[in-house]
Every structure is written in C-alpha cells, then in structure tokens.
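Asker: Read off the chains here:
There are 2 protein chains.
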Amino acid sequence: MRRRLTRKEFLTLTTKCAGCVAVGAAGMSLIGREGIAQVDLPPWPWPYRKIDPEYVRKLGHEGYWEKGYGCAYGAFRAIILPLREAVGYPYTMIPPELMIWGHGGVVGWGGTCGALLGACAAIQLVCDKPTADRLIHELQGWYTQALLPTDISNEYAQKGEFFVQKYTRPLPQNAAGSPLCHVSVTLWCERSGFTASSLERKERCGRLTGDVAARAVELLNQWADGQFQSIYVPPESIETCFTCHGDKGLDNVKAKMNCTQCHTPHP
Amino acid sequence: MRRRLTRKEFLTLTTKCAGCVAVGAAGMSLIGREGIAQVDLPPWPWPYRKIDPEYVRKLGHEGYWEKGYGCAYGAFRAIILPLREAVGYPYTMIPPELMIWGHGGVVGWGGTCGALLGACAAIQLVCDKPTADRLIHELQGWYTQALLPTDISNEYAQKGEFFVQKYTRPLPQNAAGSPLCHVSVTLWCERSGFTASSLERKERCGRLTGDVAARAVELLNQWADGQFQSIYVPPESIETCFTCHGDKGLDNVKAKMNCTQCHTPHP
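Protein chains in written order, with the numbering used here: chain S, 1 to 267; chain C, 268 to 534.
Some clues are possibly wrong.
Restraint ranges, calculated between C-beta atoms of paired labels, are given here [claimed, not checked]:
#, chain 1, residue 1, chain 2, residue 2, range
1, C, 464, S, 197, 39 to 47 Å
2, C, 310, S, 54, 29 to 37 Å
3, S, 266, C, 458, 28 to 36 Å
4, S, 128, C, 534, 23 to 31 Å
5, S, 43, C, 516, 48 to 56 Å
6, S, 240, C, 308, 20 to 28 Å
7, S, 160, C, 510, 21 to 29 Å
8, S, 43, C, 485, 49 to 57 Å
9, C, 514, S, 147, 40 to 48 Å
10, C, 501, S, 190, 43 to 51 Å
11, S, 166, C, 333, 39 to 47 Å
BS3-like cross-link-like pairs, simulated, lysine-lysine; straight-line CA separation at most 30 Å [said to hold, decoys possible]:
#, chain 1, residue 1, chain 2, residue 2
12, S, 67, S, 248
13, S, 50, C, 469
14, C, 469, S, 129
15, C, 433, S, 129
16, C, 334, S, 202
Worth flagging that the hints you see were computed from the coordinates, not collected in a lab. Think of the CB as a built atom: it goes at the ideal place given N, C-alpha and C, for glycine as much as any other residue.
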C-alpha cells in the first residue's frame, strides 16, 4: 500500500510547485473531502467509442476460462478491456473482477445468466437508465431466442481462432427461451446429451459468453451511430397472460419472461 | 470535459517540478500506457472496513427511491457510500449508477432480485472468488427464507427513521422461497393483496433493498472479524432431486434454487 499524503503535506508540495496545478487538468482533484490527493470521478455515463464485436467475442470466450472466473467476469471484461484500449481512463479504474459473482446465475444458483449480468454492467457504464433499459431488454430478448452458441463461435473454435483452445468441435445449439442460467443450461444438456459438469457444457458457456458480450457491443455500436432499433418480438403468452395479470387487470405479476415455460395456461 | 495532457506536455511539467514525483505517492502513475497522466488501479480485492448495517439499511431504502433507479442501484450504493466514508479511494472511483440495470430482476424481466445483484457486486469488490462465493451463497439462502421486509424496516418506517418517507405503515411480510424477482414480488402481492404497481409494493421493495444490503454488510463484518459461518440450510428437495439429477447421477441440472417451487416431484 502506498502512503497517502496528508492535506498539509499536499498543500506544502503544491504551493512549492505551480506545475502541479496543471496535473489537476488530467483529472485529479488537488484536495479531496478526506484531505488526500484523489482523482475526480468522471461524470456518469462514461464516454463510449465503437469497438469490434468479433474481438469482444474472442475476449469473452477467453475470460470465461481465465482463472475459472466464468461467464459474468468473462462478458464484463470482454467489453471493459477494449474500452480501456479505445478510451483509456476511466475504464482503467474498474476491476473486471467486480462481476465474478454472476457465474452460474449468481454463484451457481441458476438465476439470470451470468453472461447477461456481465454485459449489462458494461452497458450501464456507458448508457443512462432509459437507454440501458432499452438495450438490455433487447439483449435479453435476443438471448432467449438465439441459437447459442452461435455459428460464428463454433467456427472460431473449429478454425483455432479463439485466444484459448479448450475444445475445437462445433457444439449443439439451443434457444433457451429464458434468461435464466438454470433453464438455459438444463435445456442445453437435454438437447445435446452432454452432462452439466462436462468440458463440452463449460465450453458451450464459454462460447455463449463471447456471443452475449459481442451482441451487447453490436447494440452499443448501433446506439452510438443513432441506429438502434428493437427487433425483439416477445412470445405471445406474455401479452395473453398480462391481459388479466398485467397492470390493467389483476396487476399481480411482475416479469417479462415467457409465462408458459413454467406455467400451464388456464382458461 | 477536461483536456488530457499529452505525454510530452506532462514530461515537460514533471521535469520542471520535482514535487510532482511525490504526487505519485498518492496513487498516480506519472505516465500511463496511453501517454496521459492516470491513476493506478489499486489491487483487487479492495480494502474493507466494518460499516454499520443499520446505516446501510436506511441508505438502501433511500437509494431505491432515488431518481427511480430502484433496487440494484439502491443496494450497491448503500454499501459503496459508507465505504467511501470509511475507506475513501478507490470506492470514490466507482459510480453507484453501475448497477441500475438490475432493477426488477434485470430491467423488469423478473430474474435474480436486483437488491441481491447490487449487494453481490459490492461484496465482490472486497472479497476474492472463494470468499464471495460463500458469502453470496449465504445471502441468497437467507433471502429465500427470511420474512421480508424485516421487522426492523417496518419499524423504521413507522417511527419515521428512514431518510425518505413514502409510506409509514408496517407492510405484510413473506418468505419468497426463491432469489428471483418474479417469484418474490408475485408471491408478496398474493400474500398482501397489494397490486404489483402499487405504492405499497414499491415501498416493500424499497425496504427489502435496505434489508438485503444490511444483511450483506452483516456477513461482510462477520467475515472481517474472522467470524463468518454459514447458517443457511437448503430445502430438502435440492438434496433429494440431486441424488439423480446432480453430478453423481444424470448430471443434467445446474441450480441451487428450490426445485419443488416450479417442478412437481416425480417417483
């Protein structure tokens, strides 16, 4: 740990040194509330520059495998690292480890898919609430309907184009119908015949991590160009069920997941 | 936006000014990779100091209501702000807005409860993966079984001790049996008779946000004292179902949620 300057030490230094004031222009407050030198938090949301979704896809797959940190770390890191390269500070101040906990739908509980969680956090750093709400709604909608892992990821693996090689054959694909890890993984195991603990299932989640991060960046790039338009069409069950259960009816349900995946329709 | 110094401008300044080198001792790299003055990212995990869970509970409730940012922002901010006060930098570098997207189980989809998501991110800033995995498992287990909002929150509201007053009467409590927003909110509406869009339901989620953040801090404080012990006992169904579906059997399911809340047991 580096020692912090006291307010007095810092004032002594800065009064001896006019040039130090210019350092403030690089983003540093001379004296913070705690009486120590500190850096200004740049205003949120942070600046965005368009980045390459294919680079992000490969980083996502790599990050999934890195240190066993998994999907949420993988997806978050896959967007933060290119933004560090493209923008630099303040992205250099965010530890990508911040999102590790999302793995397996939050430490293996099977809630919202960790790749989604990691991508959401990155989107929120660069978008205000209404914009992030729209982009993340689209991302989750896409996730429930896309065949994952994508053909692109399967091809990267086969051609040895990923940054790490764990399994090179194309993997079976499925559309989860849900943003939940439990549903996504279990249905994929059912469809593919691979077990939940297999190398193939892990590699499937690794490729999916890259795919989700890449899709998030495609949406961010569209938005940066002023071109973002939602193309997600929710399943019919939501509209049907919400005729009664939504806020114009009984108003007793909150969700945007496909009702009939867990509930039997009733008259 | 402040203008960044070029590498050349900065070198000119620093060679003119020996005192500036000492500024490096306050956490600032003289020249970063991009040729601009920047601050070192402190090693992760970040330092923790014990904070007051009751202060955190009130901040969580306040943050839920702030700008309509909701539960995930509320819980994350409720832990980050006291750490800014207790530790200062680097917590001053994280925008609490980072976690807004978690509201309503990720932009209203009803996945993992946003109050949990916000608290998880704060835990991960201060704990390595194995530690965060244990604390978050405990937090989620507690969430599924606790009567929420807690008696403490109901009492704060009644006595006017919250930082914001939206609704002062005690609210009905329920144990969600699940970490998912959809299940938690829907069962609470069923139990309480209040609608999903009502002020009462929102205030329920506001109090719950404080409760979840406070519980996370209780666990962090126990861990900081070397006193953390898991007391969560998972529902029996998980062990029963995983005899066949777990990694020593068919190995086709990933989850730690209560199976029988969504699935009918079969022979």
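Asker: Hint by hint, note whether the structure agrees.
Answerer: So, going through the hints one by one against the coordinates:
Between residue 464 (chain C) and residue 197 (chain S) the beta carbon distance is about 42 Å. The supplied range of 39 to 47 Å therefore holds. Checked against the hint of 29 to 37 Å, the C-beta distance between residue 310 (chain C) and residue 54 (chain S) comes to roughly 31 Å, which is consistent with it. At roughly 20 Å, the beta carbons of residue 266 (chain S) and residue 458 (chain C) sit outside the given window of 28 to 36 Å. Between residue 128 (chain S) and residue 534 (chain C) the C-beta distance comes to about 53 Å, which lies outside the given range of 23 to 31 Å.
Evaluation of the 48 to 56 Å hint for residue 43 (chain S) and residue 516 (chain C) yields a pass: the beta carbon distance comes to about 53 Å. Range check, residue 240 (chain S) to residue 308 (chain C): Cβ separation about 50 Å, and the 20 to 28 Å hint is violated. Evaluation of the 21 to 29 Å hint for residue 160 (chain S) and residue 510 (chain C) yields a failure: the beta carbon distance comes to about 40 Å. Checked against the given bound of 49 to 57 Å, the beta carbons of residue 43 (chain S) and residue 485 (chain C), roughly 33 Å apart, lie outside it.
Range check, residue 514 (chain C) to residue 147 (chain S): about 26 Å between beta-carbon atoms, so the 40 to 48 Å window is missed. Taking 43 to 51 Å as the suggested C-beta distance range, the pair residue 501 (chain C) and residue 190 (chain S) does not conform, at roughly 24 Å. A hinted range of 39 to 47 Å for the beta carbons of residue 166 (chain S) and residue 333 (chain C) is consistent with their spacing of about 44 Å. As the CA atoms of residue 67 (chain S) and residue 248 (chain S) are separated by approximately 49 Å, the hinted pair breaks the 30 Å bound.
The suggested pairing of residue 50 (chain S) with residue 469 (chain C) is violated, with an alpha-carbon distance near 37 Å, which exceeds 30 Å. Under the criterion of a C-alpha separation no larger than 30 Å, the hint pairing residue 469 (chain C) with residue 129 (chain S) is consistent with the structure, at around 18 Å. For the given pair, residue 433 (chain C) sits about 22 Å from residue 129 (chain S) by alpha-carbon distance, which is consistent with the 30 Å threshold. With a C-alpha separation of about 40 Å, the suggested pair residue 334 (chain C) and residue 202 (chain S) falls outside the 30 Å cut-off, and the hint is violated.
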